[in-house]
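Participant: Following the hints, complete the assembly by docking chain R onto the known chain U.
Protein sequences appear in the order of chains U and R.
Residue numbering for the first sequence follows the UniProt record's numbering, beginning at 1 and increasing consecutively.
Residue numbering for the second sequence follows the UniProt record's numbering, beginning at 1 and increasing consecutively.
Hints were generated in silico from the structure; no laboratory data involved.
Since the structure is predicted, the reported quantities are computational estimates derived from the model, not experimental observations.
Just so you know, even glycine gets a beta-carbon here, dropped at the ideal spot from N, CA and C.
Please note that a few of the clues may not be correct.
[Claimed, not checked] If you want a taste of the chain R side facing chain U, the calculated C-beta under 7 angstroms gives, among others:
{"id": "1", "residue": "Leu267"}
{"id": "2", "residue": "Asp282"}
{"id": "3", "residue": "Ala361"}
{"id": "4", "residue": "His364"}
[What the hints assert, rightly or not] Non-contacting residues of chain U with respect to chain R, defined by C-beta distances greater than 12 angstroms in every case (computed):
{"id": "5", "residue": "Asp11"}
{"id": "6", "residue": "Ile45"}
{"id": "7", "residue": "Ser168"}
Residue strings, one per chain:
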Amino acid sequence: MDSSVEDCSSDTLRFMELAIQQAKLALNNLEVPVGCVIVEDGMVIATGRNRTTETRNATRHAEMEAIDILIEAWQRDGLSTSEVADKFSKCKLYVTCEPCIMCASALSIIGIKEVYYGCANDKFGGCGSILSLHLGSGEAPTSGNGLGRGFKCTAGIMASEAVGLFRSFYEQGNPNAPKPHRPLVNHQAGQ
Amino acid sequence: MSKIIYIPDKLPTPPDQQPTVNVFAAVVEPKIINNLVRQLNQIVPLENLRHVKRVQKKHLEDGKIQIALILCLASENNCDLDVLPPCVQELVASHKLSAFITKVCKEAATTKEEWEEQCKLWPTSYHPPAYNIDGITGFNEVDTQSIFGFMRLAIELAQSSSKSVVNAAVIVDPSVRQVIASACDHHISFENASTSNINGETSFEKCPKSLGSHFDSYESIIHGTFPSSSSLAKLKQSCADVSCLYPLRWFDQPLPHSSNSCCWHPLRHAAIAAIESSAARDCRLFPTLETVGDKSVEMEHMDLLRKLAKRQKIDLDNANNNENKVGTDGEGTYSKLGRPYLCTGYDIYLVWEPCIMCAMALVHQRVRRVFYAFSNPSHGALGSAHRLQGEKSLNHHYAVFRVLLHEDVL
Chain U
1 MDSSVEDCSS DTLRFMELAI QQAKLALNNL EVPVGCVIVE DGMVIATGRN RTTETRNATR
61 HAEMEAIDIL IEAWQRDGLS TSEVADKFSK CKLYVTCEPC IMCASALSII GIKEVYYGCA
121 NDKFGGCGSI LSLHLGSGEA PTSGNGLGRG FKCTAGIMAS EAVGLFRSFY EQGNPNAPKP
181 HRPLVNHQAG Q
Chain R
1 MSKIIYIPDK LPTPPDQQPT VNVFAAVVEP KIINNLVRQL NQIVPLENLR HVKRVQKKHL
61 EDGKIQIALI LCLASENNCD LDVLPPCVQE LVASHKLSAF ITKVCKEAAT TKEEWEEQCK
121 LWPTSYHPPA YNIDGITGFN EVDTQSIFGF MRLAIELAQS SSKSVVNAAV IVDPSVRQVI
181 ASACDHHISF ENASTSNING ETSFEKCPKS LGSHFDSYES IIHGTFPSSS SLAKLKQSCA
241 DVSCLYPLRW FDQPLPHSSN SCCWHPLRHA AIAAIESSAA RDCRLFPTLE TVGDKSVEME
301 HMDLLRKLAK RQKIDLDNAN NNENKVGTDG EGTYSKLGRP YLCTGYDIYL VWEPCIMCAM
361 ALVHQRVRRV FYAFSNPSHG ALGSAHRLQG EKSLNHHYAV FRVLLHEDVL
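The shape of chain U in the complex, shown without the other chains (with noise of 0.2 angstroms):
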């Protein structure tokens, strides 16, 4: 949350809404609806929505599946490591919830250039709400060994919209949310 809504040029609006059409497919396949597009030189170079239920893996956000494409694609035109690096420090991403830690973390581990989002994440957000990953370890951007690369963040893109689908969500209910929660069995089991 480096800066608010200072730059909502038509072209930012353009590409959250792309993003909030991933969310919205989300929530049509139950699904937490959270969603991205990821863009270079203006041009969308890859989407993706959240797939936590249908995989049963919870670190299938939105994000990583985005991230997962490129790095596939890029992989099968045989770019080198240092090359895929290259192409992503001139990425920007566009999501519509605040990534969350492990997200942030990641998108500093690629070195993503720019990250733009809709709604505050005040769980598990980790460009500012729980911890600030995208400001990095203020060490040379190019260090392999620092502890993190920073990135630019501007929230509050259509952060209404994104919360529109989360309410939509909750109201017809999560069904991947376990209960009780497992605590609660824990005690039952007396241990």
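Facilitator: Frame of chain U, contents of chain R only:
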């Protein structure tokens, strides 16, 4: 001596050095207490001090009982009684109280020792942690040996690649001592160790060394001896390729000439790959319930299955306590009704303390306990650079342990 050390949620502070805050208090007559407490709770509730009791009862030397009451929070700098809020000031005046400033502990006690120390200042309430994860208070001999065995397995895996030492992860269902999934770092793997299909699922059968899931196949490792001191030392020295230790090093890696044989992924750290593998196993063992048309029926059905699964889990735990676990036929351990919810109830063994990405992935996947052998000073997220297990806002918390193997040689 090898041992298992619990890594607590927060850096321990000596019980007598807990942070405090100032409050206004006053000695009051017993007969007005109830009334006064009710009024104070309404006008100045002790919002962030729910563990602090309003009332302090003191036995004086002459046998009498003195009762004091917290009026409201006081500022840390300005201890002037004039700064009492007007509504409190009013109460103080009408009951002719003489307010004074005292200290109470800022945070709820997490241990009995902390609580006893807190009560010397002002009484507080103490609720032992709501979740009770096995092992925080210690392990019995059988569990200890089992933990050493699984850590030994992870260390073997970490050295199994011919090229270099990497991090390795083993996910275990402790109720039946069964390996659910295992993986090594794939971030710079040169062999086509694990093929990933378009859905991002790793095919379990193609994992390096083709690890089965029944623990019998590991018996020689689990019940074997520890790696020799020299091999442990070697492990520590040659860890330049461990992804969680050097997460940003991936793009410096030289690639072999034939790029066809190369399969690398900067984010496929051991823990992430192991989660992927366990999710793939889940999908394979418990294929999606295809019901015709009605989604709500399907959801109801899933809910029922989940409840049954929990019940069965409890039975397994109980059975485990009473008798030596009888052999289980590999992946057939759970019937169709025993579908797990992510990695709920499972443990993960990692050779190196995970980075923040992996540590958060383990939160998402609902792992119950994390065991690691070596700490990760610059990127470790479970005690070194961060302490994610103590992040209160998260919706799941696991217990973290460090397994020290042959301490003297590390």
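Participant: A separate judgement is required for each hint: does it hold in the structure or not?
Facilitator: Taking the hints in turn, this is what the structure says about them:
no. : hint   : in the structure
1   : Leu267 : 5 angstroms, holds
2   : Asp282 : 5 angstroms, holds
3   : Ala361 : 5 angstroms, holds
4   : His364 : 4 angstroms, holds
5   : Asp11  : 28 angstroms, holds
6   : Ile45  : 17 angstroms, holds
7   : Ser168 : 15 angstroms, holds
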